[in-house]
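Peer 1: Here the protein sequences come in this chain order: A and B.
Going by full-length UniProt numbering, the first residue of the first sequence is number 1, and it counts up by one from there.
Going by full-length UniProt numbering, the first residue of the second sequence is number 1, and it counts up by one from there.
Quick caveat, the hints were computed from the structure, so don't treat them as lab data.
The model shown is predicted, which means the values in this text are computed figures rather than measured ones.
Some clues are possibly wrong.
For identical chains, the list gives no copy identity; a pair is met inside one copy or between any two copies.
[To be verified] Result set (DSBU-like, lysine-lysine): computed pairs, CA atoms no more than 35 Å apart in a straight line:
1) Lys210 with Lys278
2) Lys10 with Lys278
3) Lys43 with Lys119
4) Lys248 with Lys203
5) Lys278 with Lys45
6) Lys234 with Lys165
7) Lys210 with Lys52
Given next are the chains, with one letter for each unit.
2 protein chains.
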Amino acid sequence: MALATCTPGKTRIGWIGTGVMGQSMCGHLVDKGFEATITTRSKSKAEGLLAKGATWAETPKQVAENADVIFAIVGFPKDVREVFLGEQGALAGSKADNILVDMTTSQPSLAEEIAEAAKAKGVFSVDAPVSGGDVGAKNAALSIMVGGEEEAVAAVMPCFEAMGKTIKHQGGPGAGQHTKMVNQMLIAPMMIGVCEALMYAYKSGLDPMKVLESVGSGAAGSWSINNLGPRIIKGDFEPGFYVEHFIKDMGIALAEAEMMGLSLPGLALAKQLYEAVKAQGFGRKGTQALMLALEQMSGIKREGLTD
Amino acid sequence: MALATCTPGKTRIGWIGTGVMGQSMCGHLVDKGFEATITTRSKSKAEGLLAKGATWAETPKQVAENADVIFAIVGFPKDVREVFLGEQGALAGSKADNILVDMTTSQPSLAEEIAEAAKAKGVFSVDAPVSGGDVGAKNAALSIMVGGEEEAVAAVMPCFEAMGKTIKHQGGPGAGQHTKMVNQMLIAPMMIGVCEALMYAYKSGLDPMKVLESVGSGAAGSWSINNLGPRIIKGDFEPGFYVEHFIKDMGIALAEAEMMGLSLPGLALAKQLYEAVKAQGFGRKGTQALMLALEQMSGIKREGLTD
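The following block holds chain A by itself, in its conformation from the complex (with noise of 0.2 Å):
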């Protein structure tokens, strides 16, 4: 028999993790009408959904006994392991066709491992990493990569259209991790390039917001120097996406590359310039915080940073 498709006032959903993210993606299901369990580590932050009518539950486990499609989005993969797998886990809490959906950038192997032990119980596992940070959750634009079975995939689809614009199912088990390294490996090297030649543009005398008119739009144009750019030479340093993540995704990347016997040198060193930036104090500034490694490298003194 295939999954029912997710529909509101039929299927019930858990959620796990109501940071930033979680509360804007899980809110968009509750406007849906979906019925929702849910449970984070801070009851606090989970405060605006109860008060939307979600139910609370004290673990991931009564989370999963709860409903049929359970997601999650939490910090590292060590806390993905836990909230699925562990002895209060998902898991635990789960029956045959319940479906775990996970939307942490995450382990491809763990999204495998997971799938297999659900496998086991007769319950299938998605792997749907999301790019779009916090506007894309509350705007429901994120762009959603995701992996697993197309039964399941296919049942959860409903979902991922309340939260995602560009959805994209890329494979079985873990190919949405792997298509979320991908991008983040696409980030990284470009990161160093932004903040390189920006540093090289006001050094040389340019006015950087000028010389953006010149290169954003050609063959030098990206996401990042265009929408970046401009904070980085205001000196807005604040976070759209959090370094000591950022550092994360590029751990797990050049772990799974190591696996797959791949040398990357652009991300190993886009990996330890970070390392930088963190050591520095700024790990909890934006991804663009990198500018401000990158000119202590030069002896490049930047006045009035608020850290």
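Since the structure of chain A is already known, use the hints to place chain B on it.
Peer 2: Below, chain B alone, put in the same frame as chain A:
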């Protein structure tokens, strides 16, 4: 007295260097009705323009003797130096109020030197490198990055408008070249990311073209991934822009950065990787051939590559 604005039928133009780029660019001026005197290393490459009515000259000096505004787009900085400052160069043949316009990607410091030498004879100098490649040159859609004195830039503007779409005056002498360096500095590390990410994509079992649907339009998106990505996936390494020209540009940028006391690890890595591409015999392939060097590093053998 302000310089006269370039006008077809009145202003005589000169053109030095009629390679793939120069042919198209000068052709647009001839099409607008400008009288043109031209020279280039291999006369065969001037035939198209001569057939359109341009006049041949034996040296850049002779070109200048018969022109008011003299453009050049040649190869390396040493060629720029020769065609402008050499014994048979354009400055030697220039009279007061001539304007020299270098559209080669070359050293900012050389652009300043030419401007100084020109000024001593009452001659103006403008540096105006371009991006957009052969297709941009053909379609008069180039981005032109302009440095030089306001008066001279304003006078030449109608000529630029016949060749390009995005024309920005970035500052005094050298500012056009510095802006082009910024452009190349954005591209260089970005290309590492593009190739590493695509290599990871196919090694992890993903369909790289499908991955582009997930990553091409968000925060990881760039001209490079969206335009060169599909070519890499198809194994098309034919040049839009030559590896060996890119190496030249990166060398200039690194030398200029060194003069400014800037440490640019991303650009330095990119230059070294592109040296590997060239060492492997792909100097006359397009910049996307970086993929071949990265694959070699990881011991990946690609079949059926025509060299």
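Peer 1: None of the hints should be skipped; say for each whether it holds.
Peer 2: Hint-by-hint comparison with the structure:
Taking the shortest alpha-carbon separations for Lys210 and Lys278, both the intra-copy value of 30 Å and the inter-copy value of 34 Å come in at or below 35 Å. Taking identical chains as interchangeable, the C-alpha atoms of Lys10 and Lys278 are never at most 35 Å apart, the minima being 46 Å within one chain and 61 Å between chains. With identical chains, the CA atoms of Lys43 and Lys119 are at most 35 Å apart within one copy only, with a shortest distance of 31 Å there and 72 Å across copies. Taking identical chains as interchangeable, the C-alpha atoms of Lys248 and Lys203 lie at most 35 Å apart whether they share a chain (32 Å) or sit on different chains (21 Å).
Taking the closest pair of Cα atoms, Lys278 and Lys45 come within 35 Å of each other only inside a single copy of the chain (26 Å); across copies the shortest separation is 55 Å, beyond that limit. Proximity of Lys234 and Lys165 under a CA criterion of 35 Å is satisfied in both settings, with 30 Å inside one chain copy and 28 Å between copies. In this homomeric assembly, Lys210 and Lys52 never come within 35 Å of each other (Cα to Cα): the closest approach is 46 Å inside a single copy and 37 Å across copies.
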